[in-house]
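Given these sequences and hints, build the entire structure.
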Amino acid sequence: MDYQARRKLLIVNREQYGYHVDPYKYTVYLKKQFEITHLSWDYGLPKISQEGIEIKYISRSGNKLSRYLRFLGAVHKEIRNHSYDLIFLVYFMGCSIIRLLNASGVFNVDIRTATDSTNPLKNRFQDLVLLAECKTFKNVSIINENLSENMGFKRTHLLPLGGECFSTENKQKDGLYMLYVGTLENRNMITFVKGFHQFYLELLKKPTPKPIHFTIVGDGPGSELEEIKEYVRKNQLQEVISTEGYVHNDQLHHYFRKSNIGVSFIPITDYYQDQPPTKTYEYLLSGLAVIATATNENVKIVNDKNGVLIQDTVEAVKSGLQLLDQRLERYHPEEIRQQMRDHHWEKIVAENLRPYLISLIRAGKSFVTSVAKT
Numbered sequence: 002m003d004y005q006a007r008r009k010l011l012i013v014n015r016e017q018y019g020y021h022v023d024p025y026k027y028t029v030y031l032k033k034q035f036e037i038t039h040l041s042w043d044y045g046l047p048k049i050s051q052e053g054i055e056i057k058y059i060s061r062s063g064n065k066l067s068r069y070l071r072f073l074g075a076v077h078k079e080i081r082n083h084s085y086d087l088i089f090l091v092y093f094m095g096c097s098i099i100r101l102l103n104a105s106g107v108f109n110v111d112i113r114t115a116t117d118s119t120n121p122l123k124n125r126f127q128d129l130v131l132l133a134e135c136k137t138f139k140n141v142s143i144i145n146e147n148l149s150e151n152m153g154f155k156r157t158h159l160l161p162l163g164g165e166c167f168s169t170e171n172k173q174k175d176g177l178y179m180l181y182v183g184t185l186e187n188r189n190m191i192t193f194v195k196g197f198h199q200f201y202l203e204l205l206k207k208p209t210p211k212p213i214h215f216t217i218v219g220d221g222p223g224s225e226l227e228e229i230k231e232y233v234r235k236n237q238l239q240e241v242i243s244t245e246g247y248v249h250n251d252q253l254h255h256y257f258r259k260s261n262i263g264v265s266f267i268p269i270t271d272y273y274q275d276q277p278p279t280k281t282y283e284y285l286l287s288g289l290a291v292i293a294t295a296t297n298e299n300v301k302i303v304n305d306k307n308g309v310l311i312q313d314t315v316e317a318v319k320s321g322l323q324l325l326d327q328r329l330e331r332y333h334p335e336e337i338r339q340q341m342r343d344h345h346w347e348k349i350v351a352e353n354l355r356p357y358l359i360s361l362i363r364a365g366k367s368f369v370t371s372v373a374k375t
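The sequence shown lines up with residues 2 to 375 when you count with our numbering.
Any given hint could be a false lead.
[Stated by the list, open to error] Across the chosen pairs, the derived CB separations fall in these ranges:
{"id": "1", "residue 1": "176", "residue 2": "336", "range": "16 to 24 angstroms"}
{"id": "2", "residue 1": "47", "residue 2": "176", "range": "27 to 35 angstroms"}
{"id": "3", "residue 1": "207", "residue 2": "133", "range": "55 to 63 angstroms"}
{"id": "4", "residue 1": "199", "residue 2": "336", "range": "25 to 33 angstroms"}
{"id": "5", "residue 1": "359", "residue 2": "172", "range": "36 to 44 angstroms"}
{"id": "6", "residue 1": "203", "residue 2": "159", "range": "42 to 50 angstroms"}
{"id": "7", "residue 1": "251", "residue 2": "120", "range": "29 to 37 angstroms"}
{"id": "8", "residue 1": "176", "residue 2": "74", "range": "51 to 59 angstroms"}
{"id": "9", "residue 1": "65", "residue 2": "32", "range": "31 to 39 angstroms"}
{"id": "10", "residue 1": "249", "residue 2": "101", "range": "30 to 38 angstroms"}
{"id": "11", "residue 1": "237", "residue 2": "118", "range": "32 to 40 angstroms"}
{"id": "12", "residue 1": "123", "residue 2": "158", "range": "22 to 30 angstroms"}
{"id": "13", "residue 1": "101", "residue 2": "176", "range": "51 to 59 angstroms"}
{"id": "14", "residue 1": "212", "residue 2": "33", "range": "39 to 47 angstroms"}
Quick caveat, the hints were computed from the structure, so don't treat them as lab data. Even for Gly, the Cβ is constructed at its ideal location relative to N, Cα and C.
Okay, structure coming up:
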């Protein structure tokens, strides 16, 4: 077989196309080498298109059981009706059924996160199910080594998190222009807002306070955004805090260009400790200094040259912002970008994911050939 030809790749993900950054970036940077089909739920969100990618959707009509069975049936039918060289499953509960029904296919199951609900028992149960299911796959990729070890895997392929550069500006700004991008679900962002408020009141006491603004880009399934908006209204902070709601990854450049500080506020809990934060990578790749909670993963990449690490309390937020204010002139955007250059999505796909997928296809085809000869 000519391995310079474009191989047929199916990516299956529960999230609607374009709304889960990692697999979306896989398609963007793999499409020249692979003929890609992406199959996912249709959540009724605005459709994201990508030239060269065939995007297919599965309806979510009906109750949970009917939806679940429809999803499994649609994935199975897609695999049976097309000759894919590789099926790349972003883990979902029940993916082992797809593997068992299509034993001759070449599969990889990809794990981007452990269960991250606020219920420890639920997290433990679902993670055990994930481990049991993934053991039915020969090929498993995972976001980092700590997660792999903590979940009990013995052999996985490390496929790390990446980010995009949304700004190439190098001019240092004379104020504190903060940006948060990401989900508000289970992030307790109201704690950061309260800490920001306390810092702002202290800043106003100075004879010549620096300009300051905090932009929040994101939403959540609950009342998180409304809680923040109500706090802003109640405390008359409309001039210094703005809430933009959800903005797609491809449309974030404007927000990054007008900011110089990225907010990576993640509760320091067991289920977030080893989860690499997309937002931290994107801030640093865009040359922004970062104020970040001291999770295990943030500690690995945030240092005195690119930001400040804090605890997840109101008081810690205030103190961290005070320290950022004092250090502001020492942060240089291009130096911050250079520290993170190996974490760009394009580089990760070119040097890690693409060769890995090609090796799986070659190994799978070799196995099929050897079986046929016997």
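Self-check item: List of violated hint numbers, smallest to largest
Solution: none
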